[in-house]
Amino acid sequence: MRAKIALLGALAGLFVGGLAAAAPAAAAEPLPDIAVTGSFDKATYKVDEAFVLTVKVSNKSSFAAKKIHFLGGDSGGADIKDFGVLQTGFDLAGGETKTFALDGVTTAEGKKLGKAFVAFELGIDAGDAHPDDNYLTVRAAVTGGIGNIKGHIYPGDSISSPAESDQIGVPGVKVEILDPATRAVLGQATTDATGHFALNGLRAGEVELRFVMPAGWQILSGEGQDPVRALILGDDTADLDIVAKKVPVPSASVSPSPAAGSQLPITGSNTGLIVGGGVLAVALGTGLVLVARRRRIVLKA
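Taking mature numbering (1 follows the signal peptide of the UniProt record, and there is no 0), I'd label the letters of the sequence shown as residues -22 to -1, 1 to 279.
Worth flagging that the hints you see were computed from the coordinates, not collected in a lab. Errors might be hidden in some of the hints.
In silico SDA-like cross-links for lysine to any residue, where the CA-CA straight-line distance does not exceed 25 Å [to be verified]:
1) K34 - P109
2) K45 - G73
3) K44 - D11
4) K38 - E87
5) K59 - D11
Whole structure, please, built from the sequences with the hints as guidance.
Put into structure tokens, the structure is as follows:
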């Protein structure tokens, strides 16, 4: 009898265990979802000028997001003394948005960089359903910094071709320095017989380079390096090494002339004969239209 009771107990345990295993797991609690946006109160500042950085944090979920706080950040050319509750932490009800005004001042570093920037990330203790929009990066121009740029455009077979100290470069390359935002030309130069160029007195900040190459030359570029950009620092000179490759120049070609004697029939009109013939199409070899692309840029501050 005892053996039968033990057997029945074991079978009952297996049955209950099977039911527990088959039961669906409890659904995980949904995570809140916040988003961060912001902007400076002006697009351009002078050095040592006060600014206000407005930051908006929104809870896109329908329930509360608790203990929102800093996860890390960086800045340059901008000094913010107190991030307030952004740093210490705060809560947002479902669908709520809070706006924070951060007071700061531009610095001498901003003059050198040609810009002030602030970047940081916010997080939630419980986690965020979509953390990609928890980052904020804002920039503004800082005027007053003046720098220079120089470079050497030299021949090579690949983007890793080194520049030799005595290597003769590519002459006659027109180099234009552009404002990346407005596309305005800030200055231009042409490489000399050794492939070198230089431009002085440019405002500090990021610039874009555009090259007009002589026929038979092409700027080499690595993946993701188009357009070519460089950072000009105030009271400094950006020094660029750029590789160009020799490429074939297509020759001019001429289409065949129409067969002799090909004419339209005479209509009898008093206007005379209308002589039809193939129009001679001459394809003029214009060389290669090359788009300057960045091979590599090495800043030698």
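Which numbered hints fail: 4, 5
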